[in-house]
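Novice: What follows is the residue order along each chain.
There are 2 protein chains.
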Amino acid sequence: MVSIVIIGSGNVAQHLISAFLQSDEIELVQVFSRQKESVSHLISSDKIVSDFAEIKQADLYLIAVSDNAIADVSTKLPFENRLVVHTSGSMPMEILDSKNRQGVFYPLQTFTKNKPVNFKEIPICLEAEVEKDFKTIETVAKTISSVVQSISSEQRKALHVAAVFVCNFVNHLYKIGNEICEENQLSFELLKPLIIETAQKIIHLSPENAQTGPAKRNDSETINTHLNFLSDENQKEIYKLLTKSIIDDGKKL
Amino acid sequence: MVSIVIIGSGNVAQHLISAFLQSDEIELVQVFSRQKESVSHLISSDKIVSDFAEIKQADLYLIAVSDNAIADVSTKLPFENRLVVHTSGSMPMEILDSKNRQGVFYPLQTFTKNKPVNFKEIPICLEAEVEKDFKTIETVAKTISSVVQSISSEQRKALHVAAVFVCNFVNHLYKIGNEICEENQLSFELLKPLIIETAQKIIHLSPENAQTGPAKRNDSETINTHLNFLSDENQKEIYKLLTKSIIDDGKKL
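Going down the list, the protein sequences come from chains A and B.
With full-length UniProt numbering as the guide, the letters of the first sequence map in order to residues 1 to 253.
With full-length UniProt numbering as the guide, the letters of the second sequence map in order to residues 1 to 253.
Hints in this document: simulated from the structure, not taken from any laboratory.
It cannot be assumed that every hint is accurate.
Unchecked claim - Once the Cα atoms are required to be at most 20 Å apart in a straight line, the calculated SDA-like pairs of lysine to any residue come out as:
1) B:Lys115 x A:Asn209
2) A:Lys251 x B:Asn234
3) A:Lys99 x A:Glu129
Stated by the list, open to error - Beyond 10 Å from chain A on every Cβ pair, some chain B residues (computed):
4) Arg34
5) Ser45
6) Asp59
7) Met93
8) Thr136
Because the structure is a prediction, the values reported are computed rather than measured.
Note that CB positions come from ideal geometry on N, CA and C, so glycine has one too.
Turn these sequences into a full structure, and let the hints guide you.
Specialist: Written out as structure tokens, the structure reads:
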């Protein structure tokens with residue numbers, strides 16, 4: 001049994017609370033939250049604290065707050081030489097105050113409020129200063145996920161940049177698709193099966209082999225038709241740059 | 001019962017052949033293919049022809065060939081005043097030789113060889129010169145799909161451009177994510193759950209509301225860390241342009 005205190009009440013914190021509550025091997029001791037009501041639907045109110053002085057003893061303190069608050073929160077913890085980890089993809093482990101033993105517990109997923117996720121499939125990337133602490137967070141990670149990996153701070157940074165491309169930037173392209181539909185009295189619903197299939201394709205096919213479209217075929221006639229069609233300068237610039245990038249890939253082969 | 005001849009043997013043609021063979025309301029009369037062997041695993045060889053003169057009478061001739069071959073193929077058909085449609089997203093209906101009655105039968109999906117698709121969910125966008133012909137292709141479309149829409153050539157062009165953004169360009173971002181993983185000894189498998197969740201999110205959430213990440217938060221510290229991390233100039237340029245586009249969206253709100 002590993003005892004845990006979660007510090008934070010945002011999306012990641014809430015999904016971790018739900019996941020830990022379902023595990024028999026984890027005792028969720030407390031949740032630290034400035035606004036008690038933001039987690040009161042998940043855990044009984046006597047376990048929610050909003051004063052650092054009230055935080056109890058536990059094997060693991062898990063800081064799930066926004067990136068720029070991690071350092072500050074870790075400094076405010078009123079104890080020393082305990083295991084404190086953060087859940088951020090972009091922050092190095094060393095951002096945590098060195099008065100405690102540092103680690104990282106990074107679930108690689110995009111979390112939406114009120115949308116349940118299947119934690120079993122979510123990769124959890126771990127890092128710890130001390131081997132014994134790594135074992136502790138590995139035990140915790142394995143109770144909720146079947147994909148648990150040791151990832152250095154440098155690798156985690158790479159992974160986070162890659163995640164920005166395949167998640168944040170991809171979603172922005174969905175947004176542009178939606179805009180083009182709206183401007184032409186078309187329902188965005190029409191594009192959804194294509195969006196899902198495009199994502200599912202790369203489960204079994206490398207993105208390189210899955211590439212299709214006018215840029216891949218270097219079909220300059222269709223590309224020019226599309227560029228003439230687009231009136232928004234920003235959309236046009238994105239179309240040009242990504243088309244050029246796909247064409248350049250073809251030349252490398 | 002609608003009788004159909006399919007002209008072509010590529011991805012779209014093969015998926016349509018499979019779908020039509022499963023329908024009781026469609027009689028697949030023939031498939032025209034230069035290489036008989038490319039469709040011989042789908043349909044009996046006596047129904048495959050490679051000489052235009054051998055094409056039989058049918059209610060509907062469906063040209064599923066590459067965009068730049070459509071006009072030429074439609075000219076070579078040795079008959080007149082019959083219903084001939086193409087399956088392209090980017091070509092206007094009028095590209096078809098006007099000696100026959102024109103139409104468009106555009107299934108909006110990315111087709112992969114040997115990967116079955118569920119046609120029921122694939123939107124089919126229809127257009128026809130004549131009302132009676134529209135009814136015919138609508139009957140055919142409804143036997144294989146539950147999402148059938150009348151879409152003008154101009155709207156279809158918009159839809160095709162939007163599809164390039166949400167499919168071709170999105171896949172290219174997956175490819176860049178894969179590259180970044182490989183360069184840092186990380187498995188691309190780690191990103192797959194994120195890719196699937198990012199796509200599934202927009203089924204219930206608008207892409208605008210689903211947007212997350214450093215650009216959405218205008219988190220210049222993380223953005224600069226990422227730009228310093230990226231060494232490939234092309235990746236850097238794409239990162240900058242898409243980040244700027246997301247930040248500019250935020251300013252519009």
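Novice: Look at each hint and say if it fits the structure.
Specialist: These are the hints, each one checked on the structure:
1. A threshold of 20 Å between alpha carbons decides the hint, and for Lys115 (chain B) with Asn209 (chain A) the separation of about 13 Å falls inside it, so the pair holds.
2. Between Lys251 (chain A) and Asn234 (chain B), the direct Cα distance comes to roughly 14 Å. Compliance with the 20 Å bound is thereby established for this hinted pair.
3. Pair hint Lys99 (chain A) plus Glu129 (chain A) holds up; C-alpha atoms about 13 Å apart against a cutoff of 20 Å.
4. Non-interface status of Arg34 (chain B) relative to chain A is upheld: no Cβ of that chain comes within 10 Å, the nearest being about 19 Å off.
5. Look at Ser45 (chain B): its CB is around 29 Å from the nearest CB on chain A, clear of 10 Å, so calling it non-interface holds up.
6. Every CB of chain A is more than 10 Å from the CB of Asp59 (chain B) (nearest about 26 Å), matching its label as outside the interface.
7. The beta carbon of Met93 (chain B) sits about 15 Å from the closest Cβ of chain A, which is more than 10 Å, so the claim that it is off the interface holds.
8. With 10 Å as the threshold on Cβ separation, the claim that Thr136 (chain B) sits away from chain A holds: the shortest Cβ distance comes to roughly 22 Å.
Violated hints for the displayed structure: none, as all numbered hints are satisfied.
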